[in-house]
Amino acid sequence: MQMPYINKCFIVCLLLLTAYASAQPRSRTITGVVRSFDDSFPIEGVTVSIKGKQDVSGTQQDGIFYIQVFPEDSVLVFQHPDFQQTVVRLGNSNEYNVLLQRASGWVQTYTGNWRAIFTQAEQTVVPVQLSFVQTGNGLELFFVNGEERFSGGLVDYQQDTLHEQLDLFEQSLLVYKDTDGQYQGLLKRNKGNAPPTRFSLAKSDERFLPSPDSTKQYQIASKYRLLFPNGTKIDTAVAVFRQHGALLQASILRITGDARYLTGRVDGRKFRLSSFIGGSVTAYEGEFREDGSLVGYTIGPRNKQLFTGIADASASLPDAYALTKLQPDREQLRFQLKNAVGEIISNDDERFKGKPLIVTIGGTWCPNCMDEAGFLGKWYAQHRTKGIEVLGIMYERDTSTAYVQKAFTRFANRFNINYPLVLGGLADKQEVVKTLPDLQTFLAFPTTFFIGKDGKVKAIHTGFSGPATGAAYTEWVSGFQEHVAQLLQ
Numbered sequence: 028m029q030m031p032y033i034n035k036c037f038i039v040c041l042l043l044l045t046a047y048a049s050a051q052p053r054s055r056t057i058t059g060v061v062r063s064f065d066d067s068f069p070i071e072g073v074t075v076s077i078k079g080k081q082d083v084s085g086t087q088q089d090g091i092f093y094i095q096v097f098p099e100d101s102v103l104v105f106q107h108p109d110f111q112q113t114v115v116r117l118g119n120s121n122e123y124n125v126l127l128q129r130a131s132g133w134v135q136t137y138t139g140n141w142r143a144i145f146t147q148a149e150q151t152v153v154p155v156q157l158s159f160v161q162t163g164n165g166l167e168l169f170f171v172n173g174e175e176r177f178s179g180g181l182v183d184y185q186q187d188t189l190h191e192q193l194d195l196f197e198q199s200l201l202v203y204k205d206t207d208g209q210y211q212g213l214l215k216r217n218k219g220n221a222p223p224t225r226f227s228l229a230k231s232d233e234r235f236l237p238s239p240d241s242t243k244q245y246q247i248a249s250k251y252r253l254l255f256p257n258g259t260k261i262d263t264a265v266a267v268f269r270q271h272g273a274l275l276q277a278s279i280l281r282i283t284g285d286a287r288y289l290t291g292r293v294d295g296r297k298f299r300l301s302s303f304i305g306g307s308v309t310a311y312e313g314e315f316r317e318d319g320s321l322v323g324y325t326i327g328p329r330n331k332q333l334f335t336g337i338a339d340a341s342a343s344l345p346d347a348y349a350l351t352k353l354q355p356d357r358e359q360l361r362f363q364l365k366n367a368v369g370e371i372i373s374n375d376d377e378r379f380k381g382k383p384l385i386v387t388i389g390g391t392w393c394p395n396c397m398d399e400a401g402f403l404g405k406w407y408a409q410h411r412t413k414g415i416e417v418l419g420i421m422y423e424r425d426t427s428t429a430y431v432q433k434a435f436t437r438f439a440n441r442f443n444i445n446y447p448l449v450l451g452g453l454a455d456k457q458e459v460v461k462t463l464p465d466l467q468t469f470l471a472f473p474t475t476f477f478i479g480k481d482g483k484v485k486a487i488h489t490g491f492s493g494p495a496t497g498a499a500y501t502e503w504v505s506g507f508q509e510h511v512a513q514l515l516q
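According to my numbering, the sequence shown is numbered sequentially starting from 28.
Fair warning: there could be bad hints in the mix.
Stated by the list, open to error - Within a straight-line C-alpha distance of at most 30 Å, the following computed BS3-like cross-link-like pairs (lysine-lysine) qualify:
1) Lys485 to Lys380
2) Lys260 to Lys218
3) Lys483 to Lys218
4) Lys230 to Lys260
5) Lys243 to Lys218
6) Lys382 to Lys218
7) Lys483 to Lys382
None of these hints come from the bench; they were simulated from the model.
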C-alpha cells in the first residue's frame, strides 16, 4: 500500500536532482596536442592557462594537454620559455591542436624580470623594476611598481639593441650589452639636445636588495603627516604606508596629486622607495625615529629635498573642493577651443545644452591625468546614455598640430577615451588662467569641473588621488559619484 507513495518520493527526488544538475555550470574538458611549428615535434612542459583565471594545466611528454573550462571561459594561453606565447580562442570544439613558434634568441634573452639601476642626485643608487613578457603580438615591456604593471608597449630589436618607444612621455628606452658583457640602458628624449639618462640592468626578481646591516624591520604606522620646506613656506603632504615584513608600499598625497605606486623596503628603521613608468624616476629614502617621527629625502636627478613627518592616523589634506575658484562674478566655465583636427568646441555647443558636463583640465604627459583618464574613459562608456557629457581640456608641452594629433590619438587609445579632447595651450598653470579667464586660480593638473544642466559650475575638484592611494581613491570615486548624481537630478 505504501509503494505509490515511495514511487512518488523517488520521482520527486529524481526531478530535484535533475533540476539541480541542470542548474550547475556545465564544464567541459578541452584537449589537444601542442607541437613545434618548425618540426612538428610535441612539446613537453607547456603551461596551459585560462585567461583571467588561476586555473593552470600543462602538456605531457607527448605534447597532450587536458584542461577543464566553463561557459564563461573563452581564451586559452599557451606559454613555454623557449617559444612565443600563443592564445587560442575557444569555440564549440573540445579539441585544439596548437603550433608554437620558437622564440628568437634575443626574445629569450630579455624575457623575464629585470632590476634597472639609475643614479640620481649625490650618486644615490635608485633601482626600479622592468619586466619583459612574451605576448601573441611580440615582446612587451612592463614597468612594475608593486601591484601595478604599467605597459610600455611592444619592443623592437635592431643592431644588437633593444628599442622601446615610450610614446606617452615622448622618450625612448634602449638596452644593449657592453663590451664587458653587462647590460646598459639609455632613457632619452625624442626631441631636443638633453643628454640621455644612463642606467644599468641585470635579471632579478628583487627591486631593493636587503641592507647588509639590517636588523628586524621597524613596524611602520599606516599614515604620516609630512612637511616639505619650500623656500619661505612649508608644503604639507600625507604619506600612506602598507608594510608586509620588509616589503614596503606607499603613496604620498599632495593637493596637486599623488606620487602613485611607490615600492621598496624597510631595513631596520631605514626605508627606500621608488616608482617608474617611463617618464622620470621617483624616489624617496629616510629613517623612522623612536619618537614616531621620520626624516627623509625626495631624490631627483640633480637634487635632494628634505622632508620630515610624524605618525598621524588623522592626517589629511585641505578640502580639494575648496581650492580652485572662479572669478567672484562668474558662474560658468566658458571655453572656445580646437580639437586635434581644428574643429572648434565651445561650452555653447548643442551637444552640451541642457546636459550635465564634466570638464577635466589635464595633459597627456601627466601621470595623475593618466590615472584619472583610466577612470573617466571606463566611466563615460558606462554612463553616457544617461545624458551626461565629458570634455578634456589638455595643456601640452608641444602645441603643433602634428604633435597634438599624435598625442591625443595615443592618449585616447590607451585609456579608451570616447569623449572629446581639445587643446588649451602650453602646459603651464598661468596659461590655463589666461585661456580660461573665468578662473581666478589654477593649482593642479588634473582639475575637474562639475557643470549643471544650466551651464553653471556646481563644484571644482583640485588634483587627483589615484588607485595607489587606497582609501583616498575610494573617497574620490564616492565624491565623484555623488556630484554626478546631483547633476543628473
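How the hints compare with the structure:
1. Lys485 to Lys380: holds, 16 Å
2. Lys260 to Lys218: Since the Cα atoms of Lys260 and Lys218 sit roughly 35 Å apart, the hinted pair is violated (cutoff 30 Å).
3. Lys483 to Lys218: violated, 41 Å
4. Lys230 to Lys260: violated, 44 Å
5. Lys243 to Lys218: It is violated: about 47 Å lies between the C-alpha atoms, which goes past 30 Å.
6. Lys382 to Lys218: Between Lys382 and Lys218 the Cα gap is close to 41 Å, so the pair fails against 30 Å, i.e. violated.
7. Lys483 to Lys382: It holds: about 11 Å lies between the C-alpha atoms, which stays within 30 Å.
Against the hints set out earlier in the document, violations occur for numbers 2, 3, 4, 5 and 6.
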